[in-house]
Amino acid sequence: MTGYRLAQGGLVDRDQTVNFRFDGKHYAGLAGDTLASALLANGVKLFGRSFKYHRPRGVFTCGSEEPNALVELRVGAHREPNTRATMAEIFDGLEAASQNRGFSLKYDPLSVNNLLAPFLSAGFYYKTFMWPAGFWEKLYEPIIRRAAGLGRNAGVPDPDVYEKTTEFCDVLVVGGGADGVAAARQAAAQGSRVILCDENAPLAALELPENISLFTRTTVFGVYDGGTYGALERLTDHLPSSNAPRQRLIHIIAQRSVLATGATERPIAFGHNDLPGVMLSSAVDDYITRYGVTPGRNVLLYINNDDAAGLIPTLSDAGVNIAGVVDARPQGSDAVHAAARAASAPVYAGAAIIRAFGALGVKGAKIHLAKGGELTIPCDIIATSGGFNPNLALTSHFDGNPVWDASIAAFVPGKVPPGMSVVGKAAGQGINVNIVPCFHSGYFPGKSFLDQQNDVTVKDVKLAEREGFASVEHVKRYTTLGMATDQGKTANVNAIGVLAETLGRGIGETGTTRYRPPYVPVAIGAFAGAHTGKHFRPARLTPTHGWAEKQGAVFVETGPWLRAQYYPKPGEDWLAAAQREVNAVRNGVGICDVTTLGKIDIQGPDAAKFVECVYTNSWTNLAVGRVRYGLMLREDGMAMDDGTTARLGETHFVMTTTTANAGRVMQQLEFCAQVLWPELDVSLISVTDQWGQIAVAGPRSTAVLAKIVDAPFDLSDEAFPYMACGELSVCGGVPARLFRISFSGERAYELAVPARYAHALAEKLMEAGAEYDIAPYGTEALGIMRIEKGHAAGPELNGQTTAHDLGLHKLLSKKKDFIGRAMAARPALMDPRRPTLVGLRPVNPADIIRAGSHLLPIEAEAIAANDQGHVTSAARSPSLGSIALALLENGPARHGETIRVYDPLRGGDCQAIVTAPVHYDPEGSRLHA
Amino acid sequence: MRITCPHCGTRGVEEFTYTQDAERTRPRDGGAVPTKEWTDYVYLRDNLKGPRREYWYHGAGCHAWLVVERDVSTHEILSVTLP
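Chains as they are written, first to last, in the working numbering: chain A, 99 to 1027; chain B, 27 to 109.
The following block holds chain B by itself, in its conformation from the complex:
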């Protein structure tokens, strides 16, 4: 697999690490209470077929966190953007 890093260009997948689902966002302003919103953010993930947004980390390159839109049933990479 090849990922086109906005900083480094197209590089082999071995330079990147998949980290987590990018469909969820951290509750703004945090808060001290473990609300349902928090539980959803930390634990709940949809496992859907088709295009998904994922965080990938370019650890062996520029250390950028990337939002990679990937079709999880074909591995086709549809877009790579900075968060």
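Same shape as in the complex, but just chain A:
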């Protein structure tokens, strides 16, 4: 034997050495080792310090239930805290570190907490740091957070890659042990598609039929509605860092599931049972048989059932000395006596371990003998078994409460999720043979730990009960038992046992807390998958995006879209660029991609009637070849959206919506067509992405268009007046739709072509308009011009404004039903004192009005009671200076009045004149210029 690695046995590859570092020191392990098995093989026993008391801790288990051996893996941005060393596979170059320690693992100044323990008992947060109130945030909390804790966060964004997939199957088998493999084979033999998940690394190759997909290193962590299961596959955690995905979140959709998760051993608590070297007996067995590593050379067993007797021959076969078998049962059992006799090990039937000895690891144990008297036995490992708990966490994710089965002293599955069956040890079959329940030895007055990760002792549970927390759910929250990252997998049942004993009740009556997903910790990154940063949602690009980039555009996010905000020339800031673009439109011609406006194609014999249902104004009287402005309300009477809709044919309309509301309007229209008015014969489809649409605006717009419109289309004002629309072709045969509408207030058109032509169209328009100094304009110029024209947009259509508030009440038809009609007629919504749309101009032209400012009477104090409205939109017009739109109480009656514009956040305080909303060209003569 070299170190603690046995000469033979185990499933590790003895020909392949793996070099890694722990706390900066070099170690060698074997391929197939976990960090825990490799360190144990090197004689390392001390893995970390505990959460609250900073007590030395070692490896307690050999699986995902590990409460103690939590480590940090990797370095720098890749560092991940709180990884269970029992699950981390080693690879060449792995850097691991212990956590929650002082400057070294062996000498930890904060272990003084251990001496302060009387102040850190159950509920100490609630009792100790109550006064003075201000001290909690400033003093107590930072100190406690520093002292009590687990690993360190990397502190920088996670550079690892994660992904998400969905898998479908007939039968999902959870657990790749003998029961699971048998269940999978049986289901596959019946022709089912089977997914078999096992949380461990594959140690032996498994030959499986084709219709079984095996997922190793994959933990099923949750059961969700409709046969959906959440699983986490660890793809490259066992390999050096790379760009390959680290973990994969799998949604598994399964008709049925078989839970074959086996059972997890529980300990028996005794004094100082958290010393490194105290382990579950099954863990000692697993390290020997799976990894060829013995955790120690002189093992004392402390058991109360026959299952654990299997460890005795394992130890003697491996040549490990057995210091003794302390059997809590009064007579022991035949099986234990026989096994111990064969191994020449003494049995102490009816005895109990009082406490363990040792500073940084077990050196011996003091036991209480059946006939009285005490005995001290030297040993370096105490292997304890209080029986097994079926791994039934997944059965209680659907409101199922585990049920206590006294015959095997274990909780077994109660009501299970739909479609799930439980087999083998997970169902309580074949475990806890001849068990006599024993949850703690009860002889030691000091610390006997139940939950090692959260440092909760037997005394804490008893104290909670004395202080009135008798419900198992209350005890959990008061003591924090079972609330650590291991969810108390090795602690809960013992704690319930102690509580039941204290209460003098049965365990069944005491009940258990319910297990909730996730069964094991899942990195947030895995839930996010690829949807991080810019990939959180796809950016929608306009069809002229590439062209706008070449023009030097600066882009802005508007809803899901990226739109050109402005096109700066050398030396221009955003304002100078936007104002130049406004001037280009007002004096010559400009173009702007308006593809992002929602476009809904509406067709059918009842199309006109349908449009009347959703808009407030009348539509059946709109002539073919004409466009009209429409306002849409919600059913509660508030304005929802607006836009223009064109009648291309008797039964064919094309509706435009605002960019932000395109999806919502489509949904509302479909509700109207499918639910409210199914009798109307109408079909709808979104064509937002199919048509690239470009606004051509300015007095020269007709001249520019004339160059690209194919003959014989007539652009003259007589043939194609303001608010006309038509289908035509441009640039020698490209199908197009032309709308003579204007957002800018100038003579203007919007020209739509199939989206793939939009980029070329933008180039053609620039070419055609070169002689008029045509300029592209962005959303900033668009905004300035719409505020100049007093058009309501997003800031005004804010969900709290009515048609009256926006000055659009003339659009409310009295002759027909429409969405929102009845509720818009509520008297309070028509009260003239409601804040109503007005324009504002500063009294002093040097002042600038900002959006969001509040409106107050001139001499009034700036308090909420005097608030009369707010500025919704503000702009810096190149021709008019600072202008704004606002919602002001009793607005229309107050044109000409001076009010105070108050902006406490940005220090603004000026006076403004109330005007009509339309600042520029109120007569609308420019539309025909």
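FYI, nobody ran anything at the bench for these hints, they're computed from the structure.
If you anchor each label on the Cβ, the simulated ranges turn out as follows: (1) R762(A) - E102(B): 25 to 31 Å; (2) E102(B) - Q898(A): 34 to 40 Å; (3) H33(B) - Q898(A): 32 to 38 Å.
Coverage of chain A stretches by chain B, computed from C-beta distances (three or more under 8 Å per stretch; other residues unrestricted): (4) 320-329; (5) 914-921.
No farther apart than 25 Å at their CA atoms in a straight line, the calculated lysine-lysine pairs in the DSS-like style are these: (6) K707(A) - K908(A); (7) K513(A) - K75(B); (8) K62(B) - K914(A); (9) K62(B) - K912(A); (10) K913(A) - K62(B); (11) K464(A) - K560(A).
Backbone N, C-alpha and C define an ideal beta-carbon position, used for all residues, glycine too.
Given chain A's structure and the hints, the job is docking chain B onto it.
Quick look at chain B alone, frame taken from chain A:
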């Protein structure tokens, strides 16, 4: 959660959006007056345990509005029909 769309078959819940209670119907023939019937339709909702009829919108699929009968205490879906 999985919802069986009458058009598309059984699909993941992420394709659907819950929108509103389907127990209420819009007052027939509208009307221009905000009657109690209207207020009830727009604002009043019962919050009862057990099976409820709800409108779900298959926005990432066929755009159908569906009437989903769902037990709101268990999430069990009892039926899915077109309105």
